Amino acid sequence: MIILSADTISFVNGGYHRDAIMTDKIPGTRWLRVIAPILITCIISFMDRVNISFALPGGMEQDLGITSQMAGVASGIFFIGYLFLQIPGGRLAVYGSGKRFIAWSLVAWAVVSIATGFVTHEYQLLVLRFILGISEGGMLPVVLTMVSNWFPEKELGRANAFVMMFAPLGGMLTAPVSGAIIAALDWRWLFIIEGLLSIVVLTIWWLVISDRPEEARWLPAKERDYLLTELARERKAREGMAPAAKAPLKAVFRNKGLMRLVVLNFFYQTGDYGYTLWLPTILKNLTGGSMANVGVLAILPFVATLAGIYVISMFSDRSGKRRLWVRISLYCFAAALIASVILHEHVVAAYIALVVCGFFLKAATSPFWSIPGRIAAAEVAGSARGVINGLGNLGGFCGPYLVGVMIYLYGQNAAVCALAASLLLAGSITFLLPKECDRTCEETDNRLPSGAKQKWS
1 MIILSADTIS
11 FVNGGYHRDA
21 IMTDKIPGTR
31 WLRVIAPILI
41 TCIISFMDRV
51 NISFALPGGM
61 EQDLGITSQM
71 AGVASGIFFI
81 GYLFLQIPGG
91 RLAVYGSGKR
101 FIAWSLVAWA
111 VVSIATGFVT
121 HEYQLLVLRF
131 ILGISEGGML
141 PVVLTMVSNW
151 FPEKELGRAN
161 AFVMMFAPLG
171 GMLTAPVSGA
181 IIAALDWRWL
191 FIIEGLLSIV
201 VLTIWWLVIS
211 DRPEEARWLP
221 AKERDYLLTE
231 LARERKAREG
241 MAPAAKAPLK
251 AVFRNKGLMR
261 LVVLNFFYQT
271 GDYGYTLWLP
281 TILKNLTGGS
291 MANVGVLAIL
301 PFVATLAGIY
311 VISMFSDRSG
321 KRRLWVRISL
331 YCFAAALIAS
341 VILHEHVVAA
351 YIALVVCGFF
361 LKAATSPFWS
371 IPGRIAAAEV
381 AGSARGVING
391 LGNLGGFCGP
401 YLVGVMIYLY
411 GQNAAVCALA
421 ASLLLAGSIT
431 FLLPKECDRT
441 CEETDNRLPS
451 GAKQKWS
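FYI, our numbering numbers position 437 of the sequence shown as 437, with every residue one higher than the one before it.
All the pointers check out, no bait thrown in.
Calculated pairs, DSSO-like style, for lysine-lysine (alpha carbon to alpha carbon, straight line, at most 30 Å):
1) K321 - K435
2) K99 - K250
3) K236 - K222
4) K321 - K256
5) K236 - K321
6) K256 - K435
FYI, nobody ran anything at the bench for these hints, they're computed from the structure. Keep in mind it's a predicted model, so treat the numbers as computed, not measured.
Throw the hints in and build the complete structure from the sequences for me.
What follows is the structure in structure tokens.
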């Protein structure tokens with residue numbers, strides 16, 4: 001688990017030294033009290049989402065008579081349900097309480113996860129995976145909107161990067177824990193135990209988190225004043241560029257830049273979850289090891305993911321070139337997948353290539369999720385995140401299903417190449433994104449006259 005220490009807080013605040021405000025005098029309480037509970041909650045959601053990738057080769061396929069094609073459907077149908085609460089969740093975080101939304105979501109996905117431990121037929125599994133997707137659907141747009149309520153532009157990339165670490169940290173925990181539970185008990189206990197863990201996290205979430213700086217009694221006055229001043233200034237700048245829309249959802253679908261992000265995210269998530277949800281099976285086939293050994297081997301790719309998020313977010317924040325670093329990350333991910341196929345007869349070399357895949361697995365997420373707020377007004381950005389995450393994450397269904405079908409028809413190597421092709425398409429879409437994606441608020445202020453309006457499409 002990542003620890004947000006005083007040194008960490010000093011580092012993340014350090015990025016703002018270039019401004020007139022000396023942020024070394026501004027307390028960094030928000031980094032611990034906001035990012036930590038969000039990160040923990042996201043980790044648990046990720047564990048509940050991907051533990052099926054260990055359960056399937058760990059006995060579920062045999063017990064329920066599941067084919068590779070049905071395994072792909074069971075893994076991916078989560079993302080069909082995931083679509084339903086994306087937009088309501090994003091809007092609620094802007095206009096209502098993201099805290100309450102996530103609390104109820106925790107209750108729902110805990111119940112569904114525990115119920116999954118009692119399934120006796122593959123169709124019961126499909127129904128529960130679909131409901132789990134609905135339960136977790138609003139989480140990411142809600143927490144990203146909550147983060148944008150707490151962190152000014154120059155801190156937002158790093159704040160998003162901390163949140164996006166939920167995937168590698170969740171993977172690092174899921175791999176050994178799932179392997180150990182299956183080896184000691186069985187796959188049913190895997191779902192039951194991790195479902196109960198969500199109830200524990202619910203308590204932490206409710207006691208610690210606040211939706212906005214003005215609602216947080218624990219926030220030092222100096223830090224509150226700093227946040228309210230900076231966030232208000234940035235909001236005013238964005239309103240000049242992209243005036244508030246009376247119909248945010250309609251404005252999202254009319255914005256060509258946002259729609260391109262949807263398509264990009266679809267192909268990205270196809271490769272992302274195709275890799276993530278089939279990694280234990282790929283490792284098992286590659287090494288011929290037990291589930292306990294596979295759980296250990298699966299840790300290192302997610303350790304690399306953690307490093308990748310940190311490194312790419314740092315370069316992205318320093319340069320401000322969000323499109324470039326999304327493109328680099330996706331192209332390198334695809335290249336590493338292809339390398340793992342070329343080297344498949346050499347176990348160690350192929351495993352190293354899979355670890356490199358892990359480095360770039362989530363590297364694009366921080367620069368990617370910094371883009372919507374740059375090309376949409378604040379009132380639209382919450383709905384935009386929901387649309388981008390919801391429609392884009394349909395790739396989370398297509399990726400696992402594509403791998404299952406390709407393995408059945410052509411074998412594992414062809415399946416991996418298909419994922420690489422999807423990532424190359426995603427990276428190429430960055431060339432179509434508007435150049436405004438790379439501007440900071442200060443650069444935009446210098447380029448536009450006071451009150452000027454810019455059409456972001």
